[in-house]
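Chains as they are written, first to last, in our numbering: chain A, 1 to 224; chain B, 1 to 224; chain C, 1 to 224.
Keep in mind that the hints are not guaranteed to be accurate.
Since the list can't tell identical chains apart, any single copy or any two copies may satisfy a pair.
Pairs of lysine-lysine residues, derived as DSS-like cross-links and limited to a Cα-Cα distance of at most 25 Å, are as follows [said to hold, decoys possible]:
1) Lys188 - Lys58
2) Lys47 - Lys213
3) Lys48 - Lys190
4) Lys178 - Lys58
5) Lys174 - Lys220
6) Lys174 - Lys47
7) Lys178 - Lys190
8) Lys164 - Lys213
9) Lys47 - Lys190
10) Lys164 - Lys10
11) Lys220 - Lys164
12) Lys188 - Lys174
13) Lys190 - Lys58
14) Lys178 - Lys52
15) Lys58 - Lys185
In case anyone wonders, no lab produced these hints; they're calculated from the structure.
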Amino acid sequence: MTELENQLLKFENLNNIRVLIIKSSSNTFSSGHDLLEFDKSNSSDHKKVFDKASNLMKIIENYFIPVIVSIQGTAAAAGCQLVASCDIAICGQSSLFSTPGILAGLFCSTPGVAVGRVLPRKIALEMLYTGEPISAETALKYGLVNHVVEDSKIDETSEKIANKIASLSSSTMKLGKKCFIEQMKLEKEKAYELASNVMVENLQFTDCKEGIKAFLEKRKPRWN
Amino acid sequence: MTELENQLLKFENLNNIRVLIIKSSSNTFSSGHDLLEFDKSNSSDHKKVFDKASNLMKIIENYFIPVIVSIQGTAAAAGCQLVASCDIAICGQSSLFSTPGILAGLFCSTPGVAVGRVLPRKIALEMLYTGEPISAETALKYGLVNHVVEDSKIDETSEKIANKIASLSSSTMKLGKKCFIEQMKLEKEKAYELASNVMVENLQFTDCKEGIKAFLEKRKPRWN
Amino acid sequence: MTELENQLLKFENLNNIRVLIIKSSSNTFSSGHDLLEFDKSNSSDHKKVFDKASNLMKIIENYFIPVIVSIQGTAAAAGCQLVASCDIAICGQSSLFSTPGILAGLFCSTPGVAVGRVLPRKIALEMLYTGEPISAETALKYGLVNHVVEDSKIDETSEKIANKIASLSSSTMKLGKKCFIEQMKLEKEKAYELASNVMVENLQFTDCKEGIKAFLEKRKPRWN
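Just chain A, with the same shape it has in the complex:
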C-alpha cells in the first residue's frame, strides 16, 4: 500500500504521464489487508492502517490523469474498495468481487464506503452481510466494472483503452477529469455553472483550437 502510494505521488510530478493502469503481479488481484497484521498490532496501529488505505483511495479518485484498474482473479475487501475507487475497470470472466470481512468477525466498513457508492444499495448490503462474492457478470451488470473479457485478454483490453486515452489531448483530459470530480460533488445547478466555465476555459486551449480546426478540416489533430 505504501509502495503504491509512493509510486502515485512520484508519477504525479511527471508531466508526460497520460494514463495509469493498476494491476497485480499475481493471479489474485488483491485479497485486502493482511489479517495477521491486525492480530499482532494495537488500536493505534490499526487506525494508521485504515487511514492510510482511505488516503490511498482518495489519491486514486482525485488523481490528475485517468486511472484504469486491470483485475486478474479475485478483488476482496480493500482490493474491492480499490476497484470501486478507480475510473475504469476491466476484469476477466473468472474474477470475483467480495467484502468478506464479516466471515472473520471484521465487517468491511471502509470498503463499504466505496462499494456502497458504486453498487445499488441491496447488492452492496448482501455482499457486506454474507461475505459472499459477486461474479464478473454481476459486477458488469451494476457498473462495478466496465468490461468483462476472457482472462487471457485482460491486459490487452486495458492497454487498448489506455492507448486510446493516451492518444488524446493530455491538457484537455486533465482539465476534464478534474471538472468531472468537482462537479459531481455539487448540486446540479452549481455543477452546470462550474462545468460551463470549464468549457469556456477549455475552448482557449491550444489543443482545443487545433482539435476543432482538425475536425472541421476532416483531418487528424496534432496535439501539443
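Place chains B and C on chain A using the hints.
The following block gives chains B and C in isolation, referenced to the frame of chain A:
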C-alpha cells in the same frame, strides 16, 4: 436550441397540454453543438451558448408535465445530455450515445453533469475519457433509456406511452411530477415529510375523489 | 401496518434476534394502502396514515439487524416502497413491482421517495407516470431485488441467506449495519473517517479477535 426553449416556454402556458415528446426531424437525434460556431466566436459568446444549454436542460427537467424523448440514431454531446435530462427515453436498436468532445480536444464537461448523474460513474467516465459511444443495449442496462425497440417502432412506442400518460388525471400528474423532483433533492426524512403532505393534498383533488370512487365501483374514472 | 410496526419494536428488545424476514401470508405480497380507507376518512386521518407508513419505512431501514424481504406475487404502492426500504430482497419469477396510484388519481408520491432512491430515475418515473408494473427481471436488472427464483423457491432462498447471516458474528453484524447506514449519509471523506473508526472499534470485539484467530488457524470461528 433557442427554438426548442421558446416552444417549451409557450407550451407551459397552455393548460390542455398533458405530455411532451421531444424528437428529431432527421435520422440523427442530435450531434450536439456545432463546432464551427465555437471556432468563429469568442469566450463571451461561448459562455452564452453553454449557459443557454444548461438553462434548457433545467427547463426540461423541471417541466410541468412529463417529457418523453424519442431517439432516432445517435445522441451525442449536448444531445446525450438532453436524453439524460428527460423523464422517459425510447430509442431504436441502432441508437448510439456518446460524449465525444475529447476527440476534438473539448472535454464534454457540461454533458458530464447530466450523464454522470444518470449512469454509473465508471460507465460515464469511459464515455467521457475515450469519446466512444455506448450501444442502445448498454444504455438500457444502466437506465439511460427505458426501452429499446426496432428503429421503425420508436415513434409508435413513444406515442403509446404518451397516450397512456395523457389518459390519466392531468392535475394529479402535475402535482406528482413536481413533488418527485422536489423530494429527490432532499434527504430522505425531509423527502417523506414533503411527499406525505402532497399525498394529503392530492386526496382533496376532484380527480382523486373520482378516481378512488371509480376504483371502488370497478369502473373507469372520468377525469376533470 | 400497525401490527408490523409493533412486532418490529418488540423484536428490537430481544437480544438473540440475528436477522429478520418480512413476508406475506397470502399470494400477493402487498397491494398498498386500502383505498376504501381513504374514501371514508378526512385529511387529518390521511396525514396519520402516511406519517405512519413513512415511520415504518424509517424503522425498517434503520433496524438493528439485517432485514430480508421475501416477495410472493405483486408488490404495489406502499408494498413496493417497503421492498425498496429493506436490505435484501428475494422475489419469484412471477413477481411484479408497481406504483399504480396515478391510475386512481392518487400519485404514488411517498413510494416515490424510496423507489426514486433505489431505481434509476427514468425507470422510477415511468412506473410513477404510467402506473404500469415492472417485471421481476427488470427489478433485478436495476437492483430493486437481489435474486429472482422460481416462485416455489422464494422461501427456501430467503432462508438460506438468512441462515448464512445468522451464522455469523451478531455483534459485528449490528456494528457493521449501523455504520453502513450512517456513512452513506455523509460525504465520502467524512464517511471514511467514521468507517475507519468503526473498524478500529470492531477489532477490539471478542468475536473479531476469535474470527481472525480462527482464520489464521484455518478453523471455524466460535462466536460469542
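So, going through the hints one by one against the coordinates:
When the C-alpha separation of Lys188 and Lys58 is checked against a cutoff of 25 Å, the pair qualifies both within a copy, at 23 Å, and between copies, at 9 Å. Taking CA atoms no more than 25 Å apart as the test, Lys47 paired with Lys213 passes between copies only; the shortest distance there is 20 Å, against 53 Å inside one copy. In this homomeric assembly, Lys48 and Lys190 come within 25 Å of each other (Cα to Cα) only across copies, at 16 Å, whereas the closest approach inside a single copy is 36 Å. Both within a single protomer and between protomers do Lys178 and Lys58 lie at most 25 Å apart by alpha-carbon distance, with minima of 13 Å and 23 Å respectively.
With identical chains, the CA atoms of Lys174 and Lys220 are at most 25 Å apart within one copy only, with a shortest distance of 21 Å there and 49 Å across copies. For the homomeric pair Lys174 and Lys47, the shortest alpha-carbon distance between copies (21 Å) is at most 25 Å, but the shortest distance inside one copy (33 Å) is not. Taking CA atoms no more than 25 Å apart as the test, Lys178 paired with Lys190 passes in both settings, with 15 Å inside one copy and 20 Å between copies. Taking the closest pair of Cα atoms, Lys164 and Lys213 come within 25 Å of each other only inside a single copy of the chain (20 Å); across copies the shortest separation is 47 Å, beyond that limit.
For the identical chains of this complex, Lys47 and Lys190 are inter-copy neighbours only, at 15 Å across copies versus 36 Å inside a copy, given an alpha-carbon limit of 25 Å. For a Cα distance limit of 25 Å, the shortest separation of Lys164 from Lys10 inside one copy, 23 Å, qualifies, whereas the shortest one across copies, 45 Å, does not. Within a single copy, Lys220 and Lys164 get their C-alpha atoms as close as 14 Å, which meets the 25 Å cut-off; across copies the closest is 48 Å, which misses it. In this homomeric assembly, Lys188 and Lys174 come within 25 Å of each other (Cα to Cα) both inside a single copy, at 22 Å, and across copies, at 22 Å.
For the identical chains of this complex, Lys190 and Lys58 are neighbours both inside a copy (23 Å) and across copies (12 Å), given an alpha-carbon limit of 25 Å. For the identical chains of this complex, Lys178 and Lys52 are neighbours both inside a copy (23 Å) and across copies (23 Å), given an alpha-carbon limit of 25 Å. Both within a single protomer and between protomers do Lys58 and Lys185 lie at most 25 Å apart by alpha-carbon distance, with minima of 14 Å and 18 Å respectively.
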